[in-house]
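Number of protein chains: 2
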Amino acid sequence: MASNFQAVKGTRDFYPQEMRLRNYIIDTWRRVSLRCGFEEYDAPIFEYLDLFTVKSGEEIAEQLFSFTDRGGRDLAIRPEITPSLARMVAEKINALPRPVKWFSVPRLCRAERPQRGRLREFFQWNVDVIGVDDILADAECIFACVEALREFGLTPADVEMRIGSRPLWTAVLDSLAVPTERRDDVLALVDKRFKLPEDAFDKLLAESFLNDEQTSVIRDLLSHENVTVEQLLTDYSGRVDIGQTVERLSQLLGYLEAYGIAEWCVLDLRVVRGLAYYTGVVYEAIAAGERAVAGGGRYDNLLQVVGGPAESATGFGMGDVVLGILLDEKGLLPADLASESLNFFVIDAVEGVFPKVLDLVARLRKGGFSADCHTRRQNVGKQLKQADKRGARCSVLLSGNDLRIKTMASGEETDIDATTFLDDPGKWLQ
Amino acid sequence: MASNFQAVKGTRDFYPQEMRLRNYIIDTWRRVSLRCGFEEYDAPIFEYLDLFTVKSGEEIAEQLFSFTDRGGRDLAIRPEITPSLARMVAEKINALPRPVKWFSVPRLCRAERPQRGRLREFFQWNVDVIGVDDILADAECIFACVEALREFGLTPADVEMRIGSRPLWTAVLDSLAVPTERRDDVLALVDKRFKLPEDAFDKLLAESFLNDEQTSVIRDLLSHENVTVEQLLTDYSGRVDIGQTVERLSQLLGYLEAYGIAEWCVLDLRVVRGLAYYTGVVYEAIAAGERAVAGGGRYDNLLQVVGGPAESATGFGMGDVVLGILLDEKGLLPADLASESLNFFVIDAVEGVFPKVLDLVARLRKGGFSADCHTRRQNVGKQLKQADKRGARCSVLLSGNDLRIKTMASGEETDIDATTFLDDPGKWLQ
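From first to last, the protein sequence lines are chains L and S. Sequential numbering of the first sequence, starting at 968, is according to the numbering used here. Sequential numbering of the second sequence, starting at 968, is according to the numbering used here.
Don't read these hints as lab results, they were simulated from the structure. Treat the hints loosely; a few may be bogus.
Chain copies aren't distinguished; within one or between two, either way the pair holds.
Claimed, not checked - Distance condition first, Cα-Cα at most 25 Å in a straight line; then the derived SDA-like pairs of lysine to any residue:
(1) Lys976 with Val1021
(2) Lys976 with Thr1035
(3) Lys976 with Ala1028
(4) Lys976 with Ile1027
Work out the full structure, taking the sequences as your base and the hints as a guide.
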């Protein structure tokens, strides 16, 4: 085989079995979104390159698949959908009914080095609320995220929703005289905390531009893994003005409590998120092994960055790759995903009736039932075997106008005439 | 607004309303596919460039968005999915259960000049049968295509399934001593017949390398718009050996008759299709104004071209853009696509019960109902107005443990306690 005729490394072929798994995950995301009052949207798979580089930070910019079209325009395949969302909302802000509660399941591409849990092409559930400053919007997104995890069969023992705060970090870094223009670098460094072995992280911290006092306070912040708002006030309110920030965190925890999902959630200052556009509360759904199943937060400036009005915004993304691995590990993938199912498999039991087989198949399909027949002449035994392999609920043996219905699971057989059968085929599927 | 922060021309933003339309079309395609016994698959959105250039012909090669990754590999966004399908099937041919009856709804990109009905990014339903040489496989694909058109509300008066034959053209061109290596050029020219004004097509034909006799016979073939197999035999069997070809066409018409869709179908030699990989019967679903809603045919060599075994294959594609325009013109888009719908909108009728609102919303959602509430404090009247705008079936006014359910359509109100309501919320949606 010519070596080029393979899938590109880091991409996936979805054969029917893999496709059923993908559909199971995406259908669940959709169902939970609609249930939570979100509406679906989507954007083009490629955009002007600038849209992605303007504010997402270096990590994303390095991962772009970019190209130039015949008109010399610099374009790129989307590595995330949030910039497109900001562009779309900014463009029609005055015409959109509020609140903007939208979700999407975009296909995204990143030019990463492929590894377990990280591919160059994947699907990501995105849930966002735009135009609501109240921290209730963040709680609403976190609820949707937890509701999906729960729907997949996961529990708080499997996944922890860790909630951090960018404003608290900003206030502390300001108090340490870290220059504003270096703030993103520090937060990007902090975000690597879980992605690197501890000694590699220590080395990065030591080699950074930070002085000893700054490094020491950062280490202190990083030790706040499971804290209460009271502890935050005790530890930091003497040093910086974090009253408003802590009040919002406290409100958020109240909402999460009312939503009945407090047991999933924990305050954890180690979470800062890697993207540069976050401005408020940030969070990550973390599974064993420090694997992020989902992550998000508030990004109040992004609409302005893409030329729109000032509008608050918040949301999260959940990718299909890490989630799929986790569900598989936990044995939470439904077993019946492995087999397709067909309602009826129609068999010509005698010679010369094949046109009637096609007629019956067509009538069943028009009636909304899935129905099929063999594609080459075979004896009845072989056709029954194929019906079984195809997962058919019933076989229909046809000879003239007389039918014999065979329920595949029980083996039970009943003779019936075609007209009576077509009056109510659903009866045989109960 | 910075001029770059717009969607690239020829791509579409799917705001919730456009997304509902897209989902309506794609859900219908999926439903019809499953009903006809096809299984869903998908491939990566980008592949090695060569996969697309090896056999699709010049038209596709010119329309590729190609790029180079960091490793220097030449890649391209898929302009069609058939090459990926051939690659995937070739790779696992011995492990796949037969027949391979697969469908997909890929997102495709082509670097075309955007115009009405032709965009640079679109969705295309693809339905294929691989490994079945019998013309029944072609009939099966045509049935699925027609079944979808019917499901969308279209009739034979709206769309005509025109069926042509590549082997017949090949036989005639051979008899005219058109060199094999120029055959694809002639067929590509013939395919332009409907895409150009008549005089522009005449000019192309006159300027081509064809001599007068060749041109004259081609014009004769092009006059066979609505023919019978008998007429084909009368007109051509003296000149070339088309016995087998005509027998297959005759068989195909028999199958289509048995399937009950003969009234949609017509033999039409003008249909040859633009792609170079077709080898057998070809067809196009044509609406008024010579607009192709779908097109396909048999491509028996493609698996070998991508390095696989010899396997017969046949299938078609139907794009969302032309179809969407047609359905809109005919008034066939469901009216309720315009509005979202929510089961319950929960309202705090008195102060201080907002945590209970969130609790009720969470319980309804966990029960599988779509439920929402306001995101900022408003009086009851304004909240009811929002419930109405959101298309809620019922509003739930909460004060303490007492609820008042308001059916939005009738305005009817009932008082009930929260526990009784939560026992069976579905009762209020009937």
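Hints, verified against the model:
no.	hint	result
1	Lys976 with Val1021	between (28 Å within a copy, 20 Å between copies)
2	Lys976 with Thr1035	both (23 Å within a copy, 14 Å between copies)
3	Lys976 with Ala1028	both (20 Å within a copy, 23 Å between copies)
4	Lys976 with Ile1027	both (19 Å within a copy, 24 Å between copies)
Checked against the numbered hints above, the structure violates none of them.
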